[in-house]
Amino acid sequence: MSQSMPETVQLFVTCIIDAVFPQVGRDVVEELERNGAEVEFPADQTCCGQPAYNAGHHRESTEVLMHNLEVLDRTDGTIVIPSGSCADFLIHHGPRLASGDPETAAMAERVAERIREFTSYVAGQREQASAEETETGDRPPARRAFYHPSCHALRGLGLRREGESLLDSVPGVERVEIEGAEECCGFGGLFAVEMPEVSTEIMNTKLDRLEEAGVEMLAGADAACLIHLEGGLRRRENPMQVVHIASAIAAGRQGR
Amino acid sequence: MGQPVTFRRRAVGEMGTPKPAAVGRAARRFMGKRQWAIDDFTPMEETRDRARMIRLHTLANLHRYLGQFADSVERNGGTVLWAADAAEANRLISEVVGRKEGSLVIKSKSMVTEELDLNAHLQGDGHTVVETDLGEFIVQLAEDHPSHIIAPVMHLTRQDIGALFHERLEIPYTDDPEELNAVARRHLRRFFLSADVGISGVNTGIAETGSIITVTNEGNGWLTTAAPRTHIAVMGMERLVPTFEDAATIVEVLARSATGQRLSVYTNVVSGPRRPGDPDGPDEFVVVIVDNGRSRVLSTDASEILACIRCGACLNVCPVFREVGGHAYGQVYPGPVGSVLAPGLADFTEAADLPFASSLCGACREVCPVRIDIPKLLVHQRVRAIRENDPFRWLGPGLKLYGQAAKRPRVWKSLLAAGRVAGRMKGRDEWFHRLPFHAKGWTQSRDFPAPARQSFRQWWKENRDGT
Amino acid sequence: MERSRFLGTVEEAVGAATLPGLPAPHPGRAVPDLAEVDLTPHFIEAFELLDGVVHWGAALEVITGIMTERGTEEFLSWDQEHLPADGLLSALAERGYRRISTTLPADPEGRVPHQMGYMDARVGISAAVAAFAESGSVVVTSGPGRSRLASVIPAVHVVLVPTDRIFRSLSHWAAQVESPGRLANLMVISGPSRTGDIELTLTRGVHGPGEIHAVLLQ
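Protein chains in written order, with our numbering: chain A, 1 to 256; chain B, 257 to 723; chain C, 724 to 941.
FYI, nobody ran anything at the bench for these hints, they're computed from the structure. Ideal Cβ placement from N, Cα and C applies to all residues, glycine included. One or more of the hints may lead you astray.
[As the list claims (entries may be wrong)] Between beta-carbon pairs, the in silico distance windows are:
#1 B:His401 x C:Ala758: 37 to 43 Å
#2 C:Gly738 x A:Glu109: 28 to 34 Å
#3 C:Leu745 x B:Asp327: 24 to 30 Å
#4 C:Thr741 x B:Gln660: 43 to 49 Å
#5 C:Arg728 x A:Glu179: 39 to 45 Å
#6 B:Leu425 x C:Pro831: 41 to 47 Å
#7 A:Glu179 x B:Ile427: 35 to 41 Å
#8 A:Gly100 x C:Gly738: 42 to 48 Å
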């Protein structure tokens, strides 16, 4: 696949990565290009609209969604989103929110069909190329890493193995399991500020289990969950490294 | 008019007690027990699909099936009473019980009677009411409320129960479940055989045959419906299926989903009073069909929640329920199902914050045996809450600003730029330790990252655009 | 409330309902899997998994054994004509065991004192009209000569199970049973009475029998 015509990929980078973790976005671009894609970034994109949707503010959500659907609908090729939650929103909730009008409904369906979540896209590309190189040379001592599957990727899109296989391919990483791996981390969007104490208790259960399992590196494909977990780890003064899977891949390659 | 965020306050209170730890342990053990053996003659996914279709079909034709059910009950020699609300249901039940002064009433577990607060009502009329499900019996002794649909005392430890029995039943203290169980058996036995009236709930009614099904593991449901002279079955109006075969599907799914059993120990099908020549069974069989807000729920965006078969799996798997326990919800039906149902059944504004008591992780949708999209319904209820009595009014302006900015790329970019200015006021790679106003909820327990000095889109523009 | 008003409200609500998949057809009858399988071993396995005890034939010996072990001489039972073991009750009587009568007195006030007499019974005898291989269940019914309390009050329940009454599962049986509403009570029993209400610790014999014995009859 990667040897033939380069595939055009539209990157919907998500608001959090755009504003807070631009390096993750750059790592995503690098990985997509290594898999033979020609990456484009539709400049007028903003946010998928999910925060307002989950909070029950559907007018705001629909307006934001419509703008971004129009931006994406003007482009061609696969749309890659480095967030299971935003991808799940655009695939499953977008068409419902846009269903009021046949034209917007059709647009939402067209866009939804083009969307691939990052780990799913890359794992699929690697499978087709079936030759992801394993690094040779000096192997750093393996670090215990856990892949947090994130609820919307896991239960909305049915993804987990994809992200885990990407983590497995990172040199110097030994992937470990924790108890309750598929349980929610407690982030939940605005839930985290609407019900902060409950959100915190759920987070603490997750962090306790990460600590019990001696995890040194926490990888995931949803920056929002990772912010929440890293924010909590910092309060515990736990030095566990928290990374987006794209950055874990890039770091493994560059030995950084 | 300020809206107290009551779930949050109750949850904080509950989280300060040992209860949630007991709940978390029990809920996870429950989920561990769920199983659907691969060598079963009942294929899992197809059976779940069937169960879902049966429930949705029934709801879409509910008035018709209720009419057929009532005709069938009467054909079998039973009586049907119709109650629009709790007050009417209590009055009707009282009338049946109260023909004899100071009656002894035994009850098998019934969530709908919790909804009615029936026990208090009957006791107020001078009757003695004895709960016979072990968990409900403990709840009654403790003057407490059930905290789970199928495991009423999930929040109590064996030590709590041992101390309670010691105090209330005047037995030597023991926390051995076997012994506590034997005490309850001895204590309740004579009530079963001497009660005047047995009141049961209904797991599912059957329109075609006029039957009601109760499922129990202890046998109290069977005794309650077989020993007393009068049996009153109290049924939420949606708890119906068309045929016996449909009911079989429902109880097969229910048992597997609730406790991981292929069937509950006692699947009890009652079709009217005892027939001529029957050596035992009630002389009188009365079904009280209760609306109490259900038709209201049916006519909203949340109709689908009425397909629920009350297995409790969504509670067990819910990360919020596991941390706060059932009492934090302050409603008869806790957990994800309750957070959809309770605001609809009650005065909506009273429970308007419950739909927000969820991270929308989707675990409930995944386990629901009839595949109810609970997260979607929670979001529907959030929309309604905001319209009717927004529990998080302070979020409104922020989300309006977000809505305005995020549909205009240039405004959005300015907003991001403003965020970067705030970020630069911190040092490089800094995290905020305290955020102002309502955002302080976040920084109670978590740092929050400052925006990056260069956004991704800036980087792209400067390095990649036009290449 | 009157039935017609109640149903009118419901009909209105149904009209406004937002159910998925409308018009929501009924799934129809399940297509039973009729592949030839010997169900008896499945039944035995499932019944034993629930801590039920299986015996073959010889109902009299099984019952007298249990009576001796329990040190009791009284029992509850269905009438002989509903038990698929000829002469069982007369043989028990000959050996000095006493069946407690399950005929309620004509006076309704006599019900409670009569039923209180059942508390002495340690063993109850009845027969299965159906049994399910998948769940290890037995079905007992009400009817003349068939006491419900005989199966649920005593600490030990002995149920006679003709092997030709074993079906695959409850839903397989439900698809072929005729007018189940005709009888006042059908009870599907799956193992001994149990509870997990106290810390999910499984304990047996809460209100129903803590022991169940199936005597298989060919």
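Using the beta carbons of A:Gly100 and C:Gly738, state whether their distance is inside 42 to 48 Å or not. violated, 22 Å
That 35 to 41 Å hint for A:Glu179 and B:Ile427 (C-beta), does it hold up? At 38 Å between Cβs, range holds.
Determine whether the Cβ-Cβ distance between C:Leu745 and B:Asp327 falls within the hinted range of 24 to 30 Å. Distance hint for C:Leu745, B:Asp327 holds at roughly 26 Å.
CB of C:Gly738 to CB of A:Glu109, is that within 28 to 34 Å? holds, 29 Å
Between C:Thr741 and B:Gln660, is the Cβ distance one that fits in 43 to 49 Å? violated, 30 Å
In this structure, is the beta-carbon distance linking C:Arg728 and A:Glu179 contained in 39 to 45 Å? violated, 54 Å
Range agreement (Cβ of C:Pro831 with Cβ of B:Leu425, hint 41 to 47 Å): violated, 32 Å
If you check the beta carbons of B:His401 and C:Ala758, does the distance land in 37 to 43 Å? Violated, at about 49 Å.
Violated hints for the displayed structure, listed by number in ascending order: 1, 4, 5, 6, 8.
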